[in-house]
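As you go down the protein sequences, you meet chains A and B in turn.
Under the numbering used here, read the first sequence as residues 196 to 756, first letter to last.
Under the numbering used here, read the second sequence as residues 196 to 756, first letter to last.
Hints are not guaranteed to be accurate.
Stated by the list, open to error - Derived BS3-like pairs: lysine-lysine, alpha-carbon spacing no greater than 27 Å straight-line: (1) K715/A <-> K687/A; (2) K707/A <-> K735/A; (3) K652/B <-> K524/A; (4) K687/B <-> K251/A; (5) K735/B <-> K524/A.
Hint data in this document are derived by calculation from the structure and do not stem from the laboratory.
There are 2 protein chains.
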Amino acid sequence: MSARIVIIGGVAAGPKAAARARRVAPDAEITIIERGGLISYAGCGMPFYLSGEVQKYNHLFETTYGVIRDEEFFWREKGCRVLTRTEAKSIDRAKKEVHVENLENGSKYAIPYDKLVLATGASPFVPPIEGLDMKGVYKLNHPEDALQIKEYLGDTEGGEAVVIGAGLIGLEAADALMKLHMFCSVVEMQNQVLPGMLDEDMAGLLAKKLSDQGIEFYLGTRVLKLEGDEKGGVASVVTDKGTIDAEMVIVAVGVRPNVELARQAEINIGETGAISVNEYLQTSDPDIYALGDCAETTHRLSGKKVFLPMATYANRQGRVAGDNLAGGKSVFGGVLGTAVLHTMGFNIGRTGLGEKQARDLGYKVITAVNHAFDRTHYHPHHGLVLMKLVTEDGTGRLLGAQALGLGDAVKRIDVVATAISTGATVDQLAEADLGYAPPYATPIDLAAHTANIVRNKVAGLARTVTTAELKEKMDRGDDMVILDVRTEPQYKMRHLKDDRVKLVVLGDLREKITEIPRDKEIIVICALGTRSYEALRTLKGAGYEKVKFMEGGLQAWPYEL
Amino acid sequence: MSARIVIIGGVAAGPKAAARARRVAPDAEITIIERGGLISYAGCGMPFYLSGEVQKYNHLFETTYGVIRDEEFFWREKGCRVLTRTEAKSIDRAKKEVHVENLENGSKYAIPYDKLVLATGASPFVPPIEGLDMKGVYKLNHPEDALQIKEYLGDTEGGEAVVIGAGLIGLEAADALMKLHMFCSVVEMQNQVLPGMLDEDMAGLLAKKLSDQGIEFYLGTRVLKLEGDEKGGVASVVTDKGTIDAEMVIVAVGVRPNVELARQAEINIGETGAISVNEYLQTSDPDIYALGDCAETTHRLSGKKVFLPMATYANRQGRVAGDNLAGGKSVFGGVLGTAVLHTMGFNIGRTGLGEKQARDLGYKVITAVNHAFDRTHYHPHHGLVLMKLVTEDGTGRLLGAQALGLGDAVKRIDVVATAISTGATVDQLAEADLGYAPPYATPIDLAAHTANIVRNKVAGLARTVTTAELKEKMDRGDDMVILDVRTEPQYKMRHLKDDRVKLVVLGDLREKITEIPRDKEIIVICALGTRSYEALRTLKGAGYEKVKFMEGGLQAWPYEL
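Could you build the full structure based on these sequences and the hints that come with them?
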């Protein structure tokens, strides 16, 4: 008898596991059970459908060759049976049966399995806020959410929207709303945008840049309740710091894994709250697999269990599970927590451990922050990227990277992610033979350049302060010279308003060096951090000892100027 | 006494070495000698200046903050003395002196050195063709070449141009000329575009795609002579296959390292014809370094010496040499031959060994060719990328990659280059935690997907033919079924004109499977290679044995349809 594979969940991980299992085990009898009416949809595409960049709803369900991925498609092209609007109510592990209910007609029956897959996904967390049931309040988790928002907005252009949550989905939603010419505010309980994704310094600059584009951020702000108008529609968001008008609200405060079915069946739930699995993606019951947004996974660097519900993991785990359902022994090797997003023209990404994460885990770290162009600055399409590299002191091992900017930050995240995946050191990254031509990179690519800054620090050539450290020193009233080495026009355009600032254009530094006091601490600043490093070396060469430069330059200054 | 560092050559490697040495050794006395009048210019930017994408000539000489990199700049900002229009005539290694001539006033003198750097670059190869001295015949190696071409063209739009050489510079020049609305032909002695960079199969498809954009290629064609008009201007290019009208000719048939000075000083020249150096970039005289386009380097995979004059190596070697000039012991770890370019909207790149190169070196290889979108196909900016991966049979080690398309091929080349730099295997590439969001990638990125195809081959799940192999089988009259599994509209639009072609839409395959003969070889084809793999698995599952699918699909078919 051919193996009976039953998969609960028909969005990403489930269908991928089914398709892979089918290709490896042609005889298997494969059934996908899906509670909803839609399957195999592009969940990540919803913000782009909302914004109008994806023009048709169907595009979220189509193959590259224009066939809708529905029950018929899975049956005819993949040889997998799909039962939509069918809910798995319980699992009888002793009898190896799933008890299901047809949500259309209420009929209940059991489906026997040899191997079972839990791909039950995650559900948006609903915060305990009064008024979430009002008209005009949405989430953005299912294609129907996007449809409803578009229907609600109708042909309206403009209006005021509030997004609750400045995570990845929140910022993608804000981007979509801005593209629909809405005035958009984002309220976030934590003190930064993209908490959990970016370090505070990187997030600070990003928030400033996005604010400059028109998004209003309310960080460290708690939503108390939503208030409505006389028609029952939402009218304002009341926070602990004031009230924001809102014709529309999108709640995007994260998701929780759907583990009820597993819990009822006494399958182990991990400490992250998601289903616990081994490297073969087997749960505590070896005939039951779990993958995608309902399962936890292992961070490759920390070795710790993490809950990171990402579409790419769902798909990659689907391939692994598909192999193993078909009798194989494929391994899912864990994750680095790579995450990327595009919002308001900015490319943003991270991989591996953040600086704070790494320090909290006990690593001794050396970081470098580099502000540089993604391609030669004479090429018309060049854009800035702020990149931060986190490395382990002593071993030089790469631990993580974060990058953001109008330039191609994401390519560099992929490069570092690849390097970390292979256990590379900062030297190996610096020496990677990356492609150079003016439309793509600089002769020494900014990722390698950032690695070189780490090496310069290790070699004792470079000593730096962060923007936050300089701000703190300024506020504290430290006795120092803030030596600005930019050109005069650049200085006149904008500069730090502080008595301790002294302008000496880099080209004049050697002849004016006697003007710079030898007994004071000197912090050199410029636009991006290149000239200030050059100046540091000149000062060091002239015997100055207490010299540092500010990483990232004034372009990375997240405070008022 | 402080060390006297003398550097011959002021374009890329020389100034970089000088700047790095200065930062590391503040006391050193650093002199750069340059024969020409310009220094530290963006050689790679010339095609973009020619096309008008770089608008001003000065942009090729400016820092990011708008200061021209001239003698004054190097003196004031870098503390390095630059002697332009000064030619190094000979080296007296015993006395440690460089004998120079001031080309402006003819004066001759000696410059003593403790450490000497040869960064003498390379010069365009001048093929033995009659008529190269006519008006309208140019090379594209020095900023003044670009200036002269622009002056010659004046405000003319249109006209006929011939580029001799279909290498990297040749194709960038063709792109620039097409942007100037010229009708552009490219003549290449070898049978493919980008010889030495791409395998023949990849180059074949690229030539077809570029031809579709209007470039006329004459491959396997030898230029015999140029003919002029009565005014002494070039009028036509005579080849062994006919004559091509030309109002302008750009000769781009490669460069040769400038090694005369080294040869006269009895410094070892390597078998590649470039100056031989060790990992510290020292020549056979340990006080003399060589780097950039005049020096040979080591291929990291083959271990063989190679001559690869690339700007990125010049810069990276400059950093290493700068360290060592200052007393350090930095190592240049060799190259993978990564090269990328943009032409006619196409992104093109390669890294590591090509398939032919690898086989010639004795590797047993497994390759995969994958045709896929660079981001989710519903995202409006998606583009196709054809990617080829070369791996070592048995070990699974990554050996090389090539990619091209309207999609972001170069990002994937950087990812594979990083992976190869760390000695990664195809499994590690497949499992790299690359960033996914719809504007950047597919849930399983195409680089990882290509790695998965290799794994499918190793596991015996996938068996393939290349487009060239299918063409050969067709021409030879093999008894087979060419099973096209695309949709009917796709088939009607265009398909292989061959009696052996049979259309069975993928979704109908299971029910129509009896129509497919069991005794014949079956080659499955589709648009990109995804559905045909699916069909192969279905046929295999139904007991068919002699089934292969065509890698890359019909979109990669380089022949007439």
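Hints and how they fare:
1. K715/A <-> K687/A: holds (25 Å)
2. K707/A <-> K735/A: Distance ~15 Å between K707/A and K735/A Cα, so the pair holds.
3. K652/B <-> K524/A: The given pair, whose Cα atoms are some 17 Å apart, holds under the 27 Å limit.
4. K687/B <-> K251/A: holds (25 Å)
5. K735/B <-> K524/A: holds (21 Å)
No hint from the list above goes unmet by this structure.
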